[in-house]
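Enquirer: Knowing the structure of chain V, use the given hints to seat chain S on it.
2 protein chains.
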Amino acid sequence: MNTSLDCIPCLLRQALEAARQVSKDPALHEQVVREVLQWAGEMDLNQSPPAVAQRFHRRLREITGIEDPYLEAKTQQNRIALELLPSLRNTIQSSVSPLMTAARIAIAGNMIDMGVNGNVTEADMYQAVQNALSEPFYGEGELFCQAAAKARSILYLADNAGEIAFDRLLIEQLMPERVKLVVRGAPVINDATLVDAKAVGLDTLVEVMDNGSDAPGTLLDDCSQEFRHRFTKADLIIAKGQGNFESLSDQARGLFFLFKVKCPMVANHIMQPVGTQVLAYSNFGTDNGPLALPPFRPLSA
Amino acid sequence: MNTSLDCIPCLLRQALEAARQVSKDPALHEQVVREVLQWAGEMDLNQSPPAVAQRFHRRLREITGIEDPYLEAKTQQNRIALELLPSLRNTIQSSVSPLMTAARIAIAGNMIDMGVNGNVTEADMYQAVQNALSEPFYGEGELFCQAAAKARSILYLADNAGEIAFDRLLIEQLMPERVKLVVRGAPVINDATLVDAKAVGLDTLVEVMDNGSDAPGTLLDDCSQEFRHRFTKADLIIAKGQGNFESLSDQARGLFFLFKVKCPMVANHIMQPVGTQVLAYSNFGTDNGPLALPPFRPLSA
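So the sequence lines, in the order shown, correspond to chains V and S. With this note's numbering, letter number 296 in the first sequence gets 296, and the count goes up by one each step, no holes. With this note's numbering, letter number 64 in the second sequence gets 64, and the count goes up by one each step, no holes.
So here's chain V without its partners, still in its complex pose (with noise of 0.2 Å):
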């Protein structure tokens, strides 16, 4: 997905807010935005908006100093979420499909994101699950029952710090053994790298690896040639949050993306309202890769 001529005014705000984050000196604030407007001037629409959003945040942590801006953030976002893990754990459990509800939650978490809203509360985050398992949402739970039953290897992409806690829950309902989880390299905004695999106890559960790059989405020219072979050979991948759709929704092999449709951008190419929560499949090539699914099939909710 290219970045949009709609999403600068967006990033900009971004850039604005994550200043705003990491120092309280209206002078770097300014900087910053001056910096932005500059680069922006000039930059390559044809770029996905992560990869536009990985160079704004590597310059943000040069002006600053600071290599990990949200830290505390992210921290206190993986004890929140954890602490709600134990009830959201009963509730999976006695409901009629465990795996469809664990997807819910783990489509919930996704509002935990700091390029959209920097400010997410316990309540937000209590109310956005209760929300996910009452709410209609967007895709293909058959097809993604399917392919889970089905899959020898599942590569499992986290997005955020906080959801990560909320993917724990699905990533146990999918019988951990197969499955590997991908966090991000380096740290930017608040997405989830090894330390908050770690905090949420996935390290014991299953295998996890850093995809070697510090974009917030999935950029496969900048990630680890171990990663993109594992991209390439596993039989399943979940890809959570929209910085995956975002830089992953045009690969050829098949992919199921779960996520809250927070821009109107993302909304457009998917053809749903802002909001809408997504589990969808993808397969944009002639390859439909090793499960042989369907081409993206937006209206068989």
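Among the clues, some could well be false.
DSSO-like, lysine-lysine: derived pairs with alpha carbons at most 30 Å apart [said to hold, decoys possible]: (1) S/K24 <-> V/K262; (2) V/K150 <-> V/K198; (3) S/K180 <-> S/K198; (4) S/K262 <-> V/K24; (5) V/K180 <-> V/K233; (6) S/K262 <-> V/K262; (7) V/K180 <-> V/K198; (8) S/K198 <-> S/K262; (9) S/K198 <-> S/K233.
Simulated from the structure, these hints should not be mistaken for laboratory data.
Expert: Chain S only, in chain V's frame:
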């Protein structure tokens, strides 16, 4: 009121909307956005937002070669608003305080603002009036009535097309022989010019002048000498809309601002939420002006 860093993403969004309003050519949209990004990177934040918008809209007219990109929209807005006048005039005449009812309707008209919402429908306009008549508003109604009773000369600074039809209803309640109506000196966004004053029949009711400037607000330094003279001498000034507020709120002389709060920065400035209908008296200077009214009193709604 200076331009905030938060205004920049919003100005950029407006730039894109304006470009799409005047042309269907994606290459032109991109050119406009890139140019705005370039000069926004170097812009002087000590200017008011209307000064920034003035520069952008001049450039937009240059790039497109269209002198009045919003002509069609303005014509339609005047027409829709005019159709509502007879029944609104009845509402005013049968109300307990015709002056205040007319003021509320004039404030409601301020929602017709292409800089904020590019697509105002008849239903929006009707709804805005209904809301204006039932919702509380913030400000100095009593002071306004007193000032209107005392004033020998009233300068009425119009804001947008469409809205100017509703201004007519307020002017009818102000003894029009005292009123001089001021419109913009040249087309900018959907701001009212002499053409719009004529379209709603105000040219036959009051003396109409233009301020000599193409800013979507009132930048005194950019206005004609005649306008500045009138601005100094008038007993009472009524300034409609956010643009006039943003550009005149720091003036020493007393002004009544009538507008609907449409952005978080203005909301911060007057300490009232977005959506508030405002009839505020402002007199920030030491010279209390011809009416010698008390300073800004935001809480006596």
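Enquirer: Each hint should be assessed against the structure and marked as holding or not.
Expert: Outcome of the hint check:
no. : hint              : verdict
1   : S/K24 <-> V/K262  : holds, 27 Å
2   : V/K150 <-> V/K198 : holds, 28 Å
3   : S/K180 <-> S/K198 : holds, 14 Å
4   : S/K262 <-> V/K24  : holds, 27 Å
5   : V/K180 <-> V/K233 : holds, 12 Å
6   : S/K262 <-> V/K262 : holds, 23 Å
7   : V/K180 <-> V/K198 : holds, 14 Å
8   : S/K198 <-> S/K262 : holds, 27 Å
9   : S/K198 <-> S/K233 : holds, 25 Å
In summary, the structure agrees with every hint in the numbered list given earlier.
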